[in-house]
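Below are the chains, spelled out letter by letter.
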Amino acid sequence: MTTDVHQLDDGAWISVNDSREVNVSDLWLLARSDFCGCETTDFLAEGFVKVGIDYPDIEARIAGQCIACGESGVTDWLTVGRVVDPESGEFYGVDHESIHFPEKRTRLARPPE
Amino acid sequence: MPTKVENWKDEVYGNEIREHLMEFAEEGWDAIPEDEHDAWFERFKWWGLYHQRSGQESYFMMRIGTPNGVIEPGQLEVIGEVAKEYATGPADNPEFGDAYCDWTTRQSIQLHWIKLEDIPEIFEKLESVGLGTQQACGDSWRNIVGCPVAGKDKHEHVDAWPVAKDLHETFKGNDDYSNLPRKWKVAIAGCDEGCGQGDINDLAFEPAEKDGELGFNVRIGGGLSRKEPRLARELDVWVPPEQAADVAHGMSALFRDHGDREDRFNARIKFLMDEWGPEKMRSVLQEEYVDFELETAGEDMRDQYSYNTGSQDGHNDHVGVHEQNDGNYYVGLNVLVGRMGADDTLELAELADEYGSGEVRLTQRQNIIVTDVPEENLDDLLDEPLLEDYSPDPSPFMRGSIACTGTEFCSLSIVETKNRQVRYARWLRDNVELPADHDEFHIHLSGCTASCAQPQIADVSLRGMKTRKDGEPVEALDIGLGGGLGDDPRFADWVEMRVPADEVPGAIKNLVNNFEDAREDGETFRDFVEDRDEETLAEMVEPEETDYHDPYMHNTKMTWYPYAEDDDMQASPAPTDGSGEPLPSDD
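Quick mapping for you: the protein sequence lines, in order, are chains Y and U.
When you line the first sequence up against full-length UniProt numbering, it's residues 1 to 113, in that order.
When you line the second sequence up against full-length UniProt numbering, it's residues 1 to 587, in that order.
No lab work stands behind these hints, which were simulated from the structure alone.
Since we're looking at a predicted model, the values are computed, not measured.
Among the hints, erroneous ones may be present.
[What the hints assert, rightly or not] As a list, the in silico DSS-like pairs of lysine-lysine whose alpha-carbon atoms are at most 25 Å apart:
{"no.": "1", "chain 1": "Y", "residue 1": "Lys50", "chain 2": "U", "residue 2": "Lys183"}
{"no.": "2", "chain 1": "Y", "residue 1": "Lys50", "chain 2": "U", "residue 2": "Lys210"}
{"no.": "3", "chain 1": "U", "residue 1": "Lys183", "chain 2": "U", "residue 2": "Lys165"}
{"no.": "4", "chain 1": "U", "residue 1": "Lys185", "chain 2": "U", "residue 2": "Lys280"}
{"no.": "5", "chain 1": "U", "residue 1": "Lys125", "chain 2": "U", "residue 2": "Lys154"}
{"no.": "6", "chain 1": "Y", "residue 1": "Lys50", "chain 2": "U", "residue 2": "Lys227"}
{"no.": "7", "chain 1": "U", "residue 1": "Lys4", "chain 2": "U", "residue 2": "Lys183"}
[To be verified] Computed spacing ranges between beta-carbons, pair by pair:
{"no.": "8", "chain 1": "U", "residue 1": "Glu36", "chain 2": "Y", "residue 2": "Leu29", "range": "33 to 39 Å"}
{"no.": "9", "chain 1": "Y", "residue 1": "Leu29", "chain 2": "U", "residue 2": "Asp10", "range": "39 to 45 Å"}
{"no.": "10", "chain 1": "Y", "residue 1": "Met1", "chain 2": "U", "residue 2": "Glu542", "range": "39 to 45 Å"}
{"no.": "11", "chain 1": "U", "residue 1": "Lys125", "chain 2": "Y", "residue 2": "Ile99", "range": "52 to 58 Å"}
{"no.": "12", "chain 1": "Y", "residue 1": "Ser88", "chain 2": "U", "residue 2": "Lys227", "range": "35 to 41 Å"}
{"no.": "13", "chain 1": "U", "residue 1": "Lys227", "chain 2": "Y", "residue 2": "Pro56", "range": "32 to 38 Å"}
{"no.": "14", "chain 1": "Y", "residue 1": "Leu29", "chain 2": "U", "residue 2": "Glu16", "range": "44 to 50 Å"}
{"no.": "15", "chain 1": "Y", "residue 1": "Ser88", "chain 2": "U", "residue 2": "Asp547", "range": "50 to 56 Å"}
{"no.": "16", "chain 1": "Y", "residue 1": "Asp54", "chain 2": "U", "residue 2": "Asp389", "range": "51 to 57 Å"}
{"no.": "17", "chain 1": "Y", "residue 1": "Gly93", "chain 2": "U", "residue 2": "Glu34", "range": "16 to 22 Å"}
{"no.": "18", "chain 1": "U", "residue 1": "Ala571", "chain 2": "Y", "residue 2": "Lys50", "range": "31 to 37 Å"}
{"no.": "19", "chain 1": "U", "residue 1": "Glu530", "chain 2": "Y", "residue 2": "Pro56", "range": "53 to 59 Å"}
{"no.": "20", "chain 1": "Y", "residue 1": "Pro56", "chain 2": "U", "residue 2": "Glu234", "range": "51 to 57 Å"}
{"no.": "21", "chain 1": "U", "residue 1": "Asp291", "chain 2": "Y", "residue 2": "Val49", "range": "39 to 45 Å"}
For glycine and all other residues, C-beta sits at the position ideal for the given N, C-alpha and C.
Take these sequences, add in the hints, and give me the full structure.
In structure tokens:
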């Protein structure tokens, strides 16, 4: 089955296969990021701006701010979870309190099947 | 490429959603195909139903649109009955109990914990007295706001109530305008106090005189959401009352055809106004959407506006006892953060019937007004015990409080809001004294940048945030100062960011004390803020722990319900069936 991903309600949450999986208002720790000057960005997710699939990763660009320095903006693509088996469609979210590495995409997301 | 929401809307939208909604309600929650949840929940909004946040699946917020806030005789009782019978959830709110109504900043009503299976009965009850939920949410004409005492106000130049009612009847359920790129918010007022708050609406009609005739000037493109606040801009158009609907037709059709359907974040007309500017907006309206010559703007009355201006002079709100134009009185009652228990709502319905005409009206400051009270009934009404809780003469901190829904039910909010603002207001009432010449002081708490509590137009603006305290993440608020409307509307300056929520009351106390010490004689708080730079103001806001206790410092969004005894997400009973019993999980 095709994995269906979108953000809804003004970017309040990410839906994966019609199930609410990732919400705003969590803190994410971002490393090796040019989001702000902090060594580790203590990033408050305020809204999901874009979502995509780079199989098996579910990715998002998130609007928010670093609560340490106050810099605000939109992150590069961040993996928020995975759908390992598209047949089952089961979503495995990442632990947002762990360290994450936002990346600029170097290849296009897989087109929808 | 159109968004997924646009694709869903292309398949089913508008009036036809109701038929599907009723079928699902008849069959129960499980009848909605799991892989169609998102599409249907997006569509249900058009009928005023908003699926509550994560952990509260199968429960809905229901919004009832009451144009201009007018609740006609007999309607309040039904609203209270519906709230009492259907708006009860699996857990109580510690401040407000198990059933309550929220009066909103758009003069509407919100009920929570509504079950899908109950919707047909609720619709029947509401519609039996002329109430409805149609287009209360979704991408269409929303509830029309205006001066809540239109038709009764001594400050009125044009009675805008018949016009508002005509717009409501014309555009509710109108297939030509049922699928707009985004929400469409309209304000209309005919008084010289500015209480329509047209400056923050997509389309605003404001009183103006042209060649000796009274009508409305038109403004376009106001709004507060997403850190992109805009004041509506003059279109240089004046219309007589009988042509207001024609211009409204034209403007909403223009928005329908030219609004951005490829990016919902860019879809509101304020962004089209950014792109086009007022001259092009006017010329496209003239050339393509109206079939008469538009008149240029008339002489407005904005220099007399007092509503939410911080001027401490004239009406800043509608709280208190005021004489109507027919010699009767209206009594504006303060409803702290806009939430009224269902039993209290029923009691107020009786009082309105006994002492007035039975009509009440909602304001954009989340308050309620009992109208048409003859002078001889005033003392008895004011002596009623209910008015001790909903006072016509409250503390400025109670009176000035507005709060959005917050993490209690809302997906977007970052922090708890309503109960927190209740606690703030009580603490400030008991611990802070404003200068004697300040009986108005507006504090608006919004849980996120969507700005449903209109934080940018308050004396003290509070917006949901997070910070760390002793290394632990806690709920926090950004603090802004000096916002307000009037002839010279101004958005707040955000001067102190990420203040832990338990230090905000201390910050406001220090701010008020610093204001008292540094102000010149007679200087209003708003003028005081306007005359100082952000750095100076930031120094006056000194966050401080006090004896104020905040029980919501943890991540309330991670709970299934912030006030439940066991608030862990896994403890949620949702989704439930029509009788509130948990449904078996798929796992």
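Going through the hints against the structure:
no.: 1; hint: Lys50(Y) with Lys183(U); in the structure: holds, 21 Å
no.: 2; hint: Lys50(Y) with Lys210(U); in the structure: violated, 48 Å
no.: 3; hint: Lys183(U) with Lys165(U); in the structure: holds, 19 Å
no.: 4; hint: Lys185(U) with Lys280(U); in the structure: holds, 21 Å
no.: 5; hint: Lys125(U) with Lys154(U); in the structure: violated, 35 Å
no.: 6; hint: Lys50(Y) with Lys227(U); in the structure: holds, 18 Å
no.: 7; hint: Lys4(U) with Lys183(U); in the structure: holds, 16 Å
no.: 8; hint: Glu36(U) with Leu29(Y): 33 to 39 Å; in the structure: holds, 36 Å
no.: 9; hint: Leu29(Y) with Asp10(U): 39 to 45 Å; in the structure: holds, 41 Å
no.: 10; hint: Met1(Y) with Glu542(U): 39 to 45 Å; in the structure: violated, 56 Å
no.: 11; hint: Lys125(U) with Ile99(Y): 52 to 58 Å; in the structure: holds, 54 Å
no.: 12; hint: Ser88(Y) with Lys227(U): 35 to 41 Å; in the structure: holds, 39 Å
no.: 13; hint: Lys227(U) with Pro56(Y): 32 to 38 Å; in the structure: holds, 33 Å
no.: 14; hint: Leu29(Y) with Glu16(U): 44 to 50 Å; in the structure: holds, 47 Å
no.: 15; hint: Ser88(Y) with Asp547(U): 50 to 56 Å; in the structure: holds, 53 Å
no.: 16; hint: Asp54(Y) with Asp389(U): 51 to 57 Å; in the structure: holds, 55 Å
no.: 17; hint: Gly93(Y) with Glu34(U): 16 to 22 Å; in the structure: holds, 19 Å
no.: 18; hint: Ala571(U) with Lys50(Y): 31 to 37 Å; in the structure: holds, 33 Å
no.: 19; hint: Glu530(U) with Pro56(Y): 53 to 59 Å; in the structure: holds, 54 Å
no.: 20; hint: Pro56(Y) with Glu234(U): 51 to 57 Å; in the structure: holds, 53 Å
no.: 21; hint: Asp291(U) with Val49(Y): 39 to 45 Å; in the structure: holds, 41 Å
Against the hints set out earlier in the document, violations occur for numbers 2, 5 and 10.
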